[in-house]
Amino acid sequence: MRLTLAVAVVLAPLFFGLGIVLPLMRFETLYFFDTSPSLLGVIATLWDGGDPALAVVVGLISVVFPVVKLVAISAEAIGLAHGSGFAMRVLPHLSRWSLMDVVLVALVIVAAKTGGIAQAFSQPGLWFYAGSALTAALAHGMAGRFGASPGP
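Going from the sequence shown to the working numbering is simple: count from 1 and add 1.
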């Protein structure tokens, strides 16, 4: 089980990194226009497009919170944060946001498909982002039970 925990602790940040830089979805409109934004690209577009508040909110929920959560899970898994501490108090609250972004992106894809706006197709970034959330949840669950304990 410790091997599974170690693999999950390594794969969750790897999947997260790929999930934020790879395209999340591909929109095709009128067979001529094709766009494939990544999560970081969406945040940059919001910032440059005059919506800095929305860019900050999306950046916090989609990038900063998951990074803090992954650091806290890693600390818990290796035994650095066993017990109390800010990260351990915040971790349960951050875990609630794990799949929210994946659901929101999926809703955007469904809305685009049903609204006739564009053809929308999921891309690898969405799957890596979802994989990161699931792998982090697995690591968090296992770290609480099998995390490093004080040695003899």
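Calculated directly from the structure, the hints in this document are not laboratory data.
Just so you know, not all the hints are guaranteed correct.
[What the hints assert, rightly or not] FRET-style restraints, in silico, Cβ to Cβ:
#1 Thr36 - Gly80: 33 to 39 angstroms
#2 Val8 - Leu41: 24 to 30 angstroms
#3 Val65 - Ser123: 20 to 26 angstroms
#4 Pro125 - Trp48: 30 to 36 angstroms
#5 Val72 - Met2: 31 to 37 angstroms
#6 Gln120 - Thr5: 17 to 23 angstroms
#7 Val64 - Gly142: 21 to 27 angstroms
#8 Ala7 - Ala54: 23 to 29 angstroms
Quick caveat, the model's predicted, so the values are computed rather than measured.
All residues carry an ideal CB built from backbone N, CA and C; glycine is no exception.
Verification of the supplied hints:
A hinted range of 33 to 39 angstroms is violated for the C-beta pair threonine 36 and glycine 80, which are about 45 angstroms apart. Between valine 8 and leucine 41 the beta carbons are some 26 angstroms apart, a value that agrees with the proposed interval 24 to 30 angstroms. As the Cβ distance of valine 65 to serine 123 is approximately 24 angstroms, the hint placing it in 20 to 26 angstroms holds. Between proline 125 and tryptophan 48 the C-beta distance comes to about 24 angstroms, which lies outside the given range of 30 to 36 angstroms.
Checked against the hint of 31 to 37 angstroms, the pair valine 72 and methionine 2 fails, with Cβ atoms roughly 22 angstroms apart. Range check, glutamine 120 to threonine 5: Cβ separation about 39 angstroms, and the 17 to 23 angstroms hint is violated. With their beta carbons about 23 angstroms apart, valine 64 and glycine 142 fall inside the hinted range of 21 to 27 angstroms. Look at alanine 7 against alanine 54: about 39 angstroms separates their beta carbons, and that is not inside 23 to 29 angstroms.
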